[in-house]
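Chains A and B, in that order, give the protein sequences.
Positions 1 to 189 (full-length UniProt numbering) are the ones given, in order, by the first sequence.
Positions 1 to 798 (full-length UniProt numbering) are the ones given, in order, by the second sequence.
Just so you know, not all the hints are guaranteed correct.
Coverage of chain A stretches by chain B, computed from C-beta distances (three or more under 8 angstroms per stretch; other residues unrestricted) [to be verified]:
id : segment
1  : 12–25
2  : 39–49
3  : 66–76
4  : 129–140
5  : 143–150
6  : 178–185
Calculated directly from the structure, the hints in this document are not laboratory data.
For glycine and all other residues, C-beta sits at the position ideal for the given N, C-alpha and C.
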Amino acid sequence: MGNKVVTFTEQQLEDYQDCTFFTRKEILRVFKRFREVNPDLVPKRMTENQAHTIAVPVEEIEKLPELKENPFKRRICQVFSHDGSGNLTFEDFLDMMSVFSEAAPRDIKAWYAFRIYDLDDDMYIGREDLLEATRLLTKGELHPQERDEIVASVLDEADVDGDGRLSFMDFEHVVVRAPDFLSTFHIRV
Amino acid sequence: MENEEDDRPASARRTLTLRNSAARQVAINFMPSRQLSYNTLRLRRTNSEHNALLEDVCDAPGGQDEDKRADLIVRELEQHQRLMEDNPESEELRREALRDLPQGLTMKRHVRAKLSASVSLRSKRRPLSMTKRLKYRFGFAVKRFRERFRDFTFSIELWYEAIRKIEGHFGSAVGSYFYFLRWLFAMDLVLAVCVLSFVLAPQVLHEQGANSTSVPWAFIDLISGQGSFEDSLLFYGHYHDGDISSPGPLTYNLPFAYFFTMVCLYLACFAVLCYRDISSPGPLTYNMPFAYFFTMVCLYLACFAVLCYRTAYSYRRNFIETAGGVNHAFANKLFCGWDFGIVTQQAAALNATSIYNEFKELLSEQNKMQESASLCTRIGQKLANVVVTTLVIGAIVALEYGLWQLLSAEVKVANWEVIISVIITAGVALCPLMFNLIVKLEFYNPRTAVYVTLARTWLLDVGTLMLLLFYWARSEASCWETSFGQEVYRLVILDAIVSLFILPVIEGLRALFYHKFNPTGKAPEFNIAYNSLTLIYNQAALWFGVLFSPLLVVCVTLKFLCLFYVKRECALRACQPARKVWRAAQTQTVFYMLVTLSLFTTLFGIGSLFFWSSSQECGPFRSYAFVYEVVSEGVLRLSERPTTRRVLAFIVRPGAVAFLLLALCVCVYYVRARSRAQRSMVRLLRQMLLLQAKDKEFLLHAIAKVSNGEWLYSPRTPTEGPDSHTWKYLNEVRKPSNAGFHFDASRLAGTRPHSLAFDTWPAEQVHDDGDTDSSFSWQGSSNYLNQKGEESAQKRWL
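With the rest of the complex left out, here is chain A (with noise of 0.2 angstroms):
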């Protein structure tokens, strides 16, 4: 192949393979999607530090064809992104695509999907959190009343502990055991 320039150095290589579901060439590969984000910003070599400072603007990220279209686009960037603010390092990047990777066990996708649709970040998909979802995910068409007829629904069906809102053990139980889970909260680098 023509791995000319290089990219990474073979340390950050050998930790980027550690800590993700990743072989090198799909590092590589997620690296080349993430350049071609914003070419002027990202350099060819990666040098130990740029890998976690340069961070691309989360409107820029968000026009990658994989999030374009995702009602959840600018939670993903949040949940991802080490400041919160949704701007993307490469690292978060490398770290986002891993956990939507196919090689990505179930609880792991489990646990970011949770923070996923945790849209006000308080550790609990609560009430509001889900009536928001309900409204992203059919692009606001439904009446609120149905809306809340739905929210209704999946808390009796979800909610064990009685609480009025889903847990992470709450979600996980549902998650695990859905058969379209892992094959819906996947991405293809």
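Chain A is already provided as a structure; the job is to place chain B on it using the hints.
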């Protein structure tokens, strides 16, 4: 709780909730279940949750810098002895634990550096023993090889971009069809390589000397497989029955024998053959019947094993692991409805509409549930299902009977065989559409309807192939194997014409019609079920035919190759994303199951044919009366070894076989009984889990109160008014309803009914309890909590 604290300023409330949640996490971390020793799997799971919770502890203060957080995590990890040893296993464990940390990558790298520093600090530098060093070196080598292999498979991944594009357009359901196609293609490619190198190449080498008479061939021969094609490499009858020996010096044959020997190492079944080849005196020989027999048998068995494994894996992943007693229809739709792989705007809009529609349906269904159907209608529906199923099976049997009559009819028409094949192909192509209509008359839910249609179509396909096999095996043709090979060859070629030319044209016309004349009507969609069934049919035909027409595997592989591109163009140009979301994961498993089942049927059919007499005029087995004699006479030489013969004869006696069957039955019964017992155990455990969750919630609630200082005899409680914590405690925690449910729960879980035992538990005792091996983080976090507690308490008193 928030309701009662509304009078406090918002910031104080925020700190309080944060503090509460931090206290909860610490409490959870110190539950006995978190302190057990682990096996790998458990470590994985606990680690992820553990650290997920840990993250909250770290997050709560906000201003902590990364270094300290990394330290905290490293300390947590250090408590697991098995993680910290200096050998490959625990290094692998460390990697797993790192990967499962729900933390940013930057943090993970910090942790990794600290962790390896800590490990090398701890490791005692004592000389390793020879065996240990070897073991470690081997472990590292295996790991490196695995990584290389993953890298390699990644770089040869076929059609990556193409499938990704299709998935982006149509969602993961249509994508899964292409994955299925790719998987079948890869398997056939391996099959083709094996057949070419073990069967075809020796035959070609054998023929090199003989001058072949070329017969002019007609186009129809290409389809019918007759005429000049009949006595060619394509079919069984052509293959040589003896040894292929080198006429000249040994060097000519050696590379071949060498290659053969190497592959023998992998396919254990070939060992016998090798032994014979090497031990036979004189020039090296290649025994054609052996090669044919063993290659085929090994390939069939290897494919069967691969398929079984694959199906079982898929089944476990999509059916068993997801089998919940509870049905989360709404929650599933909400949390798993969006396909994250979608990239085009149109597909996203359609996905949103489909989620909207499904929510609507679910709501109306929920409202309908109240007026559930009466017993009479339900019995009527079941009866209708049974009647229609009987009719369909009757129709399939009638079709097969008609086919048999057609085959045995004495008709003197040119190319009669081709006409029959055309009829069969037409039937196989049209019947699924018919079944699709018929199933609408029945009362199934949509997913079951798809499965029922699949099962019926599969029955028709495999039934037809089975019938053809037995028809030709019973016929008086001089070389029935070749005839059957030709039959299957014709079917594959004709099906290629249908699926590579006719169907795309129809789909194109449909799309044209939709765009030009009827843009408001139903958009043409990619029919996943129908297309996948075509693949399964082709694969079944290949299973049946490859023994009698070795080159068929090449045909089918090429066909799958073309099919991929044709279908891709069809999907991208002539189809619209589906309005209804197709549930891909489980149906995919069903497809694999059907392929496995067809292979099983084939093994059954062909296995019984091995005990049928083989043709005496043609084929590699013509010197044996029965095919199985290749093993019994050729390899084991039973006629020369009376002892072996007697042992074998004893084993295959009816008594012995009956005993074996009986033993098998007992085993099955035992396993079944165990699985039933486990199922009921699972149900019980699930109930207990629910109760435990409620239990835990309650206890955590209480603990949160303790760590807030909101307790019964708190020294800071000045009065006993409705504002005080004692009052709140009495009214909230000890509500009659709560106490009642708690009592029930604890009785079921087998604990003491004295559920509020820690009522009188002094706070200091908790400190003593935590002072074990995990003292650090308890002390640390509790100190930190106390600190925070004082802070916010000060805020509150200000």
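Exercise for review: Three residues minimum, CB to CB under 8 angstroms: does the segment 129–140 of chain A make the cut for coverage by chain B? Let me know.
Suggested key: Satisfied; 6 residues make the cut.
Check your understanding: Are three or more residues of the segment 12–25 of chain A within 8 angstroms, CB to CB, of chain B?
Key -> holds (count 10)
Point to revise | Stated coverage of the segment 39–49 of chain A by chain B [criterion: 3+ residues, CB within 8 angstroms] | key: This one is violated; 0 residues, fewer than the three required, reach chain B with a Cβ under 8 angstroms.
Exercise for review: Verify the coverage statement for the segment 66–76 of chain A against chain B, using a C-beta to C-beta distance below 8 angstroms and requiring 3 or more qualifying residues.
Suggested key: Holds, because 6 residues of the segment 66–76 of chain A bring their Cβ atoms closer than 8 angstroms to Cβ atoms of chain B.
Point to revise | chain B covers the segment 143–150 of chain A, three or more CB atoms within 8 angstroms, holds or violated | key: With 3 residues in contact (Cβ-Cβ under 8 angstroms with chain B), the coverage given for the segment 143–150 of chain A holds.
Point to revise | 8 angstroms C-beta test of the segment 178–185 of chain A against chain B, three or more residues | key: holds (count 8)
The structure is inconsistent with hint 2 alone, although it conforms to all the rest.
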